[in-house]
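K.L.:
Residues per chain, in single letters:
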Amino acid sequence: MSGTNGHLADHSGHHFTTHFVESGGVDFDGDQTTALTETHLEEMRQIAARYPQPRSALLPMLHLVQSVEGRVSPAGIEACADVLGISAAEVSGVATFYTMYKRKPVGRHHVGVCTTALCAILGGDEVLATLQRHLGVGNDETTEDGAITLEHIECNAACDYAPVMMVNWEFFDQVTPESAVEVVDALREGREVVASRGARISSWREAERVLAGFPDNRADHGPTAGERSLLGLRIAREHGWAAPSPQVAEEVEPEVAGPAASEAEAVGDGQPDSSRRGAAERSTAEADAGTSTDSEHARGTTPGPEAKTSGAQASGEDQETT
Amino acid sequence: MTDTLTPVLSASWGDERAWKLGNYERTGGYTALRSALQMAPEEVVGLVKDSGLRGRGGAGFPTGMKWSFVPKDNPNPTYLVVNADESEPGTCKDMPLMMATPHTLVEGVIISAYAIKASYAFIYVRGEVLHVVRRLQQAVREAYSAGYIGSNVLGSGYDLEVVVHAGAGAYICGEETALLDSLEGRRGQPRLRPPFPAVAGLYASPTVINNVESIASVPSIVANGADWFASMGTERSKGMTLYSLSGHVANPGQLEAPLGITLRQLLDLTGGMRAGHQLKFWTPGGSSTPILTPEHIDLPLDYEGMAAAGSMLGTKALQCFDETTSVVRSTLRWVEFYKHESCGKCTPCREGSWWLVQILMRLEAGQGVEGDIEKILDLCDNIGGRSFCALADGAVACVTSAIKHFREEFEAGMHTPAWELLPYERSTVFIRSEQPAGGVR
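Protein chains in written order, with the numbering used here: chain A, 23 to 344; chain B, -17 to 423.
Since the hints were made in silico from the structure, they are not lab data. Worth double-checking, as some hints may not be accurate.
[What the hints assert, rightly or not] Covered stretches of chain B, going by a simulated chain A footprint (3 or more residues, C-beta under 8 Å): (1) -16 to -5; (2) -2 to 4; (3) 72 to 82; (4) 149 to 156; (5) 218 to 228; (6) 232 to 244.
[To be verified] Below 25 Å or equal to it, Euclidean Cα-Cα: the simulated SDA-like pairs (lysine to any residue) are: (7) B:Lys2 to A:Arg72; (8) B:Lys386 to B:His259; (9) B:Lys2 to A:Arg259; (10) B:Lys327 to A:Gly115; (11) B:Lys327 to A:Tyr120; (12) B:Lys321 to A:Thr121; (13) B:Lys321 to A:Glu173; (14) B:Lys99 to A:Arg72; (15) A:Lys124 to B:Arg168; (16) B:Lys321 to A:Gly115; (17) A:Lys126 to B:Lys321; (18) B:Lys2 to A:Val216; (19) B:Lys327 to A:Thr118; (20) B:Lys327 to B:Arg175; (21) B:Lys327 to A:Ser109; (22) B:Lys321 to A:Glu148; (23) A:Lys124 to A:Arg67; (24) B:Lys321 to A:Tyr120; (25) A:Lys126 to B:Arg169; (26) B:Lys2 to A:Asp238; (27) A:Lys124 to B:Lys99; (28) B:Lys2 to A:His243; (29) B:Lys2 to A:Ser224; (30) B:Lys327 to A:Val48; (31) B:Lys321 to A:His174; (32) B:Lys321 to A:Gln154; (33) B:Lys321 to B:Val339; (34) A:Lys126 to A:Asp167; (35) A:Lys124 to B:Trp336; (36) B:Lys327 to A:Ala111; (37) B:Lys386 to B:Gly292; (38) B:Lys2 to A:Glu249; (39) B:Lys386 to B:Glu356; (40) A:Lys124 to B:Gly326.
Glycine included, C-beta positions come from ideal geometry on N, C-alpha and C.
So here's chain A without its partners, still in its complex pose (with noise of 0.2 Å):
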């Protein structure tokens, strides 16, 4: 596409420099193989069909011809349109409007670095200038190898774990360049890599893959959430913090939470459950609480469970009620 600007330059005597200097079409110029087989034109069918329309699966298809081509190829466009009855030029117009939808054949992994405003200036920046000069590549760019294509990315939803580095879409939090780096070549050397948050590190292709809708069985990697994500509920833990009952919320009389506690009871495994007492009552609970271990008394001065249970019954009650 540059090549058509750098032309119409050359006639009309001024100097034009398109605004999307990283955009471009679907390479229709180079290798036209294609490693898609039949085996994935089912699979393609299969996504098609859990939409009322089949077009909605357009996104996911994409994703999975990456998986499979590495890119989106010009064999994998026709693919997609072949299943779905549109033309090509309505895939191409789709797969050149997503930014994770990469024209170049990528590396075996994809590493991003954040640098929307606040993880560029929390270091951000030099995260990527370091990447950049150790594996001497620019931006977008793949190592020779073909171990690694390093981008820099828009703000990816962590930016309490700022500055953030992505590794096929999977969560590096708080990186420094030492670590960035460190991570970069524990992959290219096929060494293992977990993410922060998240599964063992497998590749790009495979990343893609899951985003087309077929589960690698990583789901149980990893933690339920980071230490930050925890911030406010430490807090909270710290002062017998927790939002209020709902029988204190709709000022119910104790007798009417009595058959909801009970059942609470019943469900619950024995923790203390303040959640149903009154905020003034709440410091004895704690107290209740004091033996009890740590996990427990965190779910006995939260609204867990007891307070699910007890307020659908409650808010049922109050209803017949009044």
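Once you have looked at the hints, place chain B on chain A.
P.N.:
Just chain B, lined up with the frame of chain A:
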């Protein structure tokens, strides 16, 4: 008087394997669904209306009212779409929620879909969050196996299909009509409204689109009652919500509190700004909400409080920057974001954001020319409010508010590079001793 922090959505984030169905059920999960199925759909809508729940994705529109706009006589099927495309710079609340307790969202989806009588629901999650996608996919599979989704949900006669749909990298798809185009397999570009999605949304059928946190709040409202929810928060901003603290603070993270808490309270609780530094400016709800200064930290962080300050509550993404930060640099980076993410449909946004970047780049380099600030403001005047969607408004909000509060820094851009005025390395937060989990083994 409610407690200062009120974890509800985040209550079990600290639990071992909280994302598994069995663990969610053990802590009372899916009891709200059973209750909801005993009610008429209209009653569930009424309950959510009465609770005062307002959209947690930024706009703050009353959720129950949005549901009630679905026409009763439309022959087309009704759809529920969850906007899990969390991409607004600074916003990082929905991702931890879906990673830790995806079933809270799934239960909310089922109850909400039942309330609006939808038999198809979609969770449109951005593609760049692989592990969140995995946990969501697994949660939906588990819910199918347990009979919470599928035909005849829990023997109620209600049928529901739920699809987890991964996006492919486009901030604009967080805009609800662009999201719908994207979900239809097209380029994500916003639609002209009216018709609103409630009347003609996905496949031109009645569609309700809600943010993750809004939908995830529904089970707690059904379980505990509208009055319980409304007992938290302020007069017109009800309930608990997730505040995301980030930037140069001593302790970044998520805090769940009643609406109306102040930034000062949150900073006091968490240890304030990083040691030896002071707050310079902050966003109340992502980069699209006009920046505020230390003089605003005692204002209630609710819909009204932030509007009164000339900003917006947005997504409650509290990005705090200290005195080392160049406002010119942060503004440029945000505008570069909007330039990159402009879908290109509307000329003022597509071209205007490009020109803003050009001028801000020379100001950052200390090579601004006389009249640049006026030119920027003039451009902003011709971008904001002149495009289909709010992306353009967000793009100029961070610029005009920055010039309003820190005009002298932009003026310095006529002669001094921003990195000389405020050396960038002083803004980094590399703490080598604090290593997060994971990494190389």
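K.L.:
Out of the numbered hints, which ones does the structure contradict?
P.N.:
27
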